[in-house]
Amino acid sequence: MRIAVCVKQIPDPASPYELDPTTHFLQRPAEQVLDDTDRYGVEMGLQLAEQTEGTVTLVSMGPAGNLNGIRQALAMGAHKAVLIDDESLRGSDSLTTARVLAAAIEREGFDLVISGTESTDGYSGVVPQQMAELLGVPALTYAKSVSVEGSTVKINRQTASGYDSVEADTPVLVSVTAGVVEPRYPTFKGIMDAKKKTVDQFTAADLGVAPDSGQTIVSVRPAPERSSGEKVVDEGDAHLRIVTLLEQAKVI
Amino acid sequence: MAWVFIEDAGGAPATVGLEMLTKARQLGDASVVYFGAGTDSAMTELGRYGAGTVYQLDKPDGALGTAAAAQALSALIAEHQPDLILFGLTYTDRDVVGRLSARLGKPIISNAVDVAVDGDTITVTNEIFGGMTLVDTVFVADPPHLIVVRPKSFVAEPGGDAAPTVVQVALPDGGHAGSDRVTGTFVEESAGPKLEEAAVIVAGGRGLGSADAFDLIEQVARPLKAATGATRAIVDAGWVPYAKQVGQTGKTVKPDVYIAAGVSGAMQHLVGMKDSKIIIAINKDDEAPIFSVADLGIVGDLHQVLPKLIDALKSR
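Line by line, the protein sequences are chains E and F.
For the first sequence, the numbering used here assigns the number 1 to the initial residue and increments by one for each residue that follows.
For the second sequence, the numbering used here assigns the number 253 to the initial residue and increments by one for each residue that follows.
Calculated from the structure, these hints are not laboratory results.
A portion of the hints provided could be inaccurate.
To be verified - Reference excerpt, derived from the structure (chain F facing chain E, CB under 7 Å, subset only):
(1) Met253
(2) Leu328
(3) Ile329
(4) Ala330
(5) Arg346
(6) Asp388
(7) Ala393
(8) Ser431
(9) Asp432
(10) Arg433
(11) Thr437
(12) Ile550
(13) Ala564
As the list claims (entries may be wrong) - Quick list of simulated restraints, FRET-style, between CB atoms:
(14) E/Ser88 / F/Pro424: 31 to 37 Å
(15) F/Ala489 / E/Glu87: 34 to 40 Å
(16) E/Pro21 / F/Pro475: 46 to 52 Å
(17) E/Ala210 / F/Thr385: 28 to 34 Å
(18) F/Glu539 / E/Val243: 22 to 28 Å
(19) E/Gly91 / F/Val407: 31 to 37 Å
(20) E/Thr152 / F/Phe438: 17 to 23 Å
(21) F/Lys506 / E/Gln248: 51 to 57 Å
(22) F/Pro410 / E/Ala14: 42 to 48 Å
In this text, all values refer to a predicted model and were calculated from it rather than measured experimentally.
Yeah, the Cβ is synthetic: ideal placement off N, Cα and C, and Gly gets one too.
Full structure from sequences and hints, please.
Here you go:
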């Protein structure tokens, strides 16, 4: 099975995010990391590729930087990567992103596309569904588990009250939630191998996609601040402060 | 003309749908695209919240129906040309709006917490960086403008009494894109009040140290009749089910009291709970970002504080 896994390099969430004061786009340092939520899709892809004697191709859009995040996913075992890095795509909206990723996936050829449900830094949460429509395939979304039998892909789909069992035949797109599988840690060999794996780089024009964001940011402002509270160091009786506040709030 | 996409939830309109409908009728003539069979009382309810017309799409048996719904919506849009369509940040709504956007070639502004209309300009407000920063975005493409709204951004208030005109719309054949098959539906019962509705929430994070320690959270919650919540970190770690997750990728909550124990206050968590009326935080790390939103911040070990709190609550 030819499996395309969408991944994203993002600024390390452990360090504060900042917007470019002119463009209002998120500032992206050269050193970015693999979005943690993408590790689940990569792992799922690897397991299904092992089962079906298939391949895993990573597909990503964004500034290449030093490729650290892409190498992290390659080190887990993905076979190759395709990266679309194009100045004209900075600050792209979700639809442009989906167009670019779908065009790259179509170019590679695929039976199964795997993505997360949303990125940690942009979280529009609609790119997988946009890609599915552009590729003309079913979208099995919010998967808690995934299995493949022949050309049928089956998932348990998260719902508000539990889950649904849903299936479709390939070609198909699956978006996975965190926890769908336990991601592996790269081995030393994996890390060394990743340095030699192919990372094909394209521009939007190479893929025939014209960047066109139909929206523009007009203002960025601080949210109204909460009135600052009180901070106390526990010296053995801090729980009483909580009880008092709960009484004042009339919940006890 | 503002449309609202509302999914049927067990015979009644989804709560986020009524929140959006309340907002939509303030923006102009409001109509609803209803996804699901919908009882008579559901239609009456939509009228009470200001829907003039309800376009009702039946959900198919044994399929998600989201590809076909997007197809039906594009046809309705071509016929009636709404200015904007509001969707909720929910599983089904995201599936439909994503496909619709790609079909129409129209952008989506997601995670909206407010929408304002001034003449032809529609401004959508988003929260970023854990809700510390607001971003206003305008559409530069032609309508219809597709907007995905975070639950609890608006307060649902009835404001009409006329019965809506109900127009039944048949779902088209979705082709391969719509060839998914739903083979089973499973409900996971959880005890206690629902997260979205609870007046008090007690939430735990990585600072608990282990899955077993979530029992402390349950014990604080019980006498308070509170719901229990969790951060993404401990849901990802498999300590508690996803249904308890509060934050960007989980639920948005606004209880009277939110008690966060061992929660550092990552941006992704803050955005889901920072609008709680009173926030109480317990964390060992004096620098934890959660303290920036806490009305009462306790710098201390939750393994010391919570057992004493449990005893104090029990003895009342």
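| task | Against chain E, run the beta carbon of alanine 564 of chain F and see if the smallest gap drops under 7 Å. | result | holds, 5 Å
| said: The hint names alanine 393 of chain F as touching chain E; please verify it with the least Cβ-Cβ distance against 7 Å. | reply: holds, 3 Å
| task | Report holds or violated for the interface hint on serine 431 of chain F, using the least CB-CB distance to chain E and a cut-off of 7 Å. | result | holds, 6 Å
| Taking the closest Cβ pair, is aspartate 388 of chain F under 7 Å from chain E? | Since the shortest Cβ distance to chain E is 4 Å, the answer is holds.
| message | Less than 7 Å between beta-carbons is the criterion; does isoleucine 329 of chain F satisfy it with respect to chain E? | response | Violated: closest Cβ of chain E sits about 15 Å from isoleucine 329 of chain F, beyond 7 Å.
| field | Satisfaction of the aspartate 432 of chain F interface hint, Cβ to chain E closer than 7 Å | value | holds, 4 Å
| If you check the beta carbons of glycine 91 of chain E and valine 407 of chain F, does the distance land in 31 to 37 Å? | Roughly 33 Å apart at Cβ, these two residues keep to the hinted range, so it holds.
| query | Against chain E, with CB atoms and a cut of 7 Å, does the hint on arginine 433 of chain F hold up? | reply | holds, 5 Å
| request: Note whether the CB distance of serine 88 of chain E and proline 424 of chain F lies within 31 to 37 Å or breaks it. | output: Distance hint for serine 88 of chain E, proline 424 of chain F holds at roughly 36 Å.
| When the least beta-carbon distance from arginine 346 of chain F to chain E is tested against 7 Å, hint result | This interface hint holds because 5 Å falls under the 7 Å limit.
| Within 28 to 34 Å or not, the Cβ separation of alanine 210 of chain E and threonine 385 of chain F? | holds, 30 Å
| said: Looking only at beta-carbon atoms, does the pair alanine 489 of chain F, glutamate 87 of chain E fall within the given range of 34 to 40 Å? | reply: Since the Cβ atoms of alanine 489 of chain F and glutamate 87 of chain E sit about 39 Å apart, the hinted range of 34 to 40 Å holds.
Hint compliance for this structure: hints 1, 2, 3, 4, 21 are not met, and every other hint is.
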